[in-house]
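K.L.:
Note that our numbering has the sequence shown beginning at 6, numbered continuously upward.
Read the hints as simulated data drawn from the structure, not as lab findings.
Errors might be hidden in some of the hints.
[Claimed, not checked] Below are the DSS-like pairs computed for lysine-lysine, each with C-alpha atoms no more than 30 Å apart in a straight line:
#, residue 1, residue 2
1, K212, K222
2, K212, K33
3, K46, K20
4, K212, K8
5, K134, K106
6, K154, K202
7, K219, K154
8, K154, K8
9, K143, K222
10, K20, K8
11, K155, K111
12, K20, K134
13, K145, K20
14, K202, K134
15, K20, K106
16, K33, K155
17, K177, K154
18, K116, K145
19, K212, K154
20, K154, K143
21, K202, K8
22, K212, K202
23, K107, K219
24, K224, K33
25, K202, K224
26, K145, K33
27, K212, K155
28, K46, K134
29, K33, K154
30, K8, K143
31, K143, K106
32, K20, K155
33, K145, K202
34, K107, K143
35, K20, K143
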Amino acid sequence: MIKIGICDDERASRKVVGELLRGYFRDKNMECQQTEYGSGKEFLERAEETDILLLDIDAGEVSGLQLKNMLQGEDIKILFMANHMEEMPEAFGRNVYGFLKKPVEKRCLEKCLSQMVEDLTESRCIVLKSLNRNIAVKLKDIFYFVSEKKYSRIVSRIGEQFCDMGLGQLEKMLEHEAFFRCHRSYLVNLRNISVIKGEIHMENGEKIPVSRRKAGKLKFSYQIYMMI
């Protein structure tokens, strides 16, 4: 799930942007969680996990520009909003994806969001416990998880590793990501499927079995994923 913050001291503006965001993610069949902040100070005080921040240049006591500088060490993707375009040159910097003039237009917002979501998906990691240590694996690199009794084996582009979780736990953890439980012993990454021909042909050349009762739902889920 993508976590989005809307930081703007104008309540009406927050409402308009929030509706545009809901429409965008609904059309993409993606889960998102929106949180509104009336000022940059409120955003800092609440210190909530945020993936994407839509930030008004004039965000109250702590300005958008000041907040951007404070967040330079954070992996938060920022999209500025403002009434006046002359403020734009000062707005760019690390993790800043663009500058939208208010009132925010749907087309301009969606263009920036597409790049932000793509980059966010590419860099998203899952942290798992393996042999008394934590390992971080990029979701895009995982081909599949396979059951090893109460544990699981991760097959990815960087090799194979074990994690201290069963497939049921992993399936629940990844329910909003592009993974599908195709068999009681396999949880596959839809991103890395090459083709489905009875079995699943993965991009690494391996073939994964599909249970008969999951075959129809797998094809439907894969079609939806390919449309996003």
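K.L.:
The structure should be examined with respect to each hint, and the outcome stated for every one.
P.N.:
Verification of the supplied hints:
Simply put, K212 and K222 have alpha-carbon atoms about 18 Å apart, close enough for the 30 Å limit, and the pair holds. At most 30 Å may separate the alpha-carbon atoms for a hinted pair to count; K212 and K33 meet this at roughly 29 Å. The suggested pairing of K46 with K20 holds, with an alpha-carbon distance near 19 Å, which does not exceed 30 Å. For the proposed pair K212 and K8, the alpha carbon gap of about 34 Å is over 30 Å, so the pair is violated.
The straight-line distance between the Cα atoms of K134 and K106 is roughly 45 Å, outside the 30 Å bound, and the hint therefore fails. For the given pair, K154 sits about 28 Å from K202 by alpha-carbon distance, which is consistent with the 30 Å threshold. Between K219 and K154 the alpha-carbon distance is near 21 Å, which keeps this suggested pair within the 30 Å criterion. For the suggested pair K154 and K8, the alpha carbons sit about 34 Å apart, so the restraint of at most 30 Å is broken.
The straight-line distance between the Cα atoms of K143 and K222 is roughly 25 Å, inside the 30 Å bound, and the hint therefore holds. Taking the CA atoms of K20 and K8, the gap is about 17 Å. The hint holds against a cut of 30 Å. The hinted pair formed by K155 and K111 fails the criterion: a straight-line CA distance of about 47 Å is larger than 30 Å. About 40 Å separates the Cα atoms of K20 and K134, which puts this hinted pair outside 30 Å; it is violated.
The straight-line distance between the Cα atoms of K145 and K20 is roughly 33 Å, outside the 30 Å bound, and the hint therefore fails. Annotation: proposed proximity of K202 to K134 is violated, straight-line Cα distance about 34 Å (limit 30 Å). Among the hinted pairs, K20 with K106 is consistent with the structure: their alpha-carbon atoms are about 16 Å apart, no more than 30 Å. Note on K33 and K155: the hinted pairing is violated, with a Cα-Cα distance of about 35 Å set against a maximum of 30 Å.
Restraint check for K177 and K154: satisfied, since their Cα atoms lie roughly 17 Å apart, inside the 30 Å limit. A C-alpha spacing of about 22 Å is found between K116 and K145, which places the hinted pair at or below 30 Å, so the restraint holds. The hinted pair formed by K212 and K154 meets the criterion: a straight-line CA distance of about 21 Å does not exceed 30 Å. The straight-line distance between the Cα atoms of K154 and K143 is roughly 24 Å, inside the 30 Å bound, and the hint therefore holds.
For a cut-off of 30 Å, the pair hint linking K202 to K8 is broken: about 36 Å separates their Cα positions. A threshold of 30 Å between alpha carbons decides the hint, and for K212 with K202 the separation of about 10 Å falls inside it, so the pair holds. With a C-alpha separation of about 47 Å, the suggested pair K107 and K219 falls outside the 30 Å cut-off, and the hint is violated. Simply put, K224 and K33 have alpha-carbon atoms about 18 Å apart, close enough for the 30 Å limit, and the pair holds.
Between K202 and K224, the direct Cα distance comes to roughly 10 Å. Compliance with the 30 Å bound is thereby established for this hinted pair. As the CA atoms of K145 and K33 are separated by approximately 18 Å, the hinted pair is consistent with the 30 Å bound. For the proposed pair K212 and K155, the alpha carbon gap of about 23 Å is at most 30 Å, so the pair holds. The suggested pairing of K46 with K134 is violated, with an alpha-carbon distance near 36 Å, which exceeds 30 Å.
Pair hint K33 plus K154 does not hold up; C-alpha atoms about 36 Å apart against a cutoff of 30 Å. Restraint check: the Cα-Cα separation between K8 and K143 comes to about 18 Å, which is no more than 30 Å; the hinted pair holds. This hinted pair does not check out: K143 and K106 have alpha carbons roughly 34 Å apart, beyond 30 Å. A threshold of 30 Å between alpha carbons decides the hint, and for K20 with K155 the separation of about 46 Å lies outside it, so the pair is violated.
Only pairs whose Cα atoms come within 30 Å are accepted, and K145 paired with K202 is accepted, the gap being roughly 22 Å. Under the criterion of a C-alpha separation no larger than 30 Å, the hint pairing K107 with K143 is inconsistent with the structure, at around 36 Å. Distance hint between K20 and K143 is unfulfilled; the C-alpha atoms sit about 34 Å from each other, more than 30 Å.
When each numbered hint is compared with the structure, violations occur for hints 4, 5, 8, 11, 12, 13, 14, 16, 21, 23, 28, 29, 31, 32, 34, 35.
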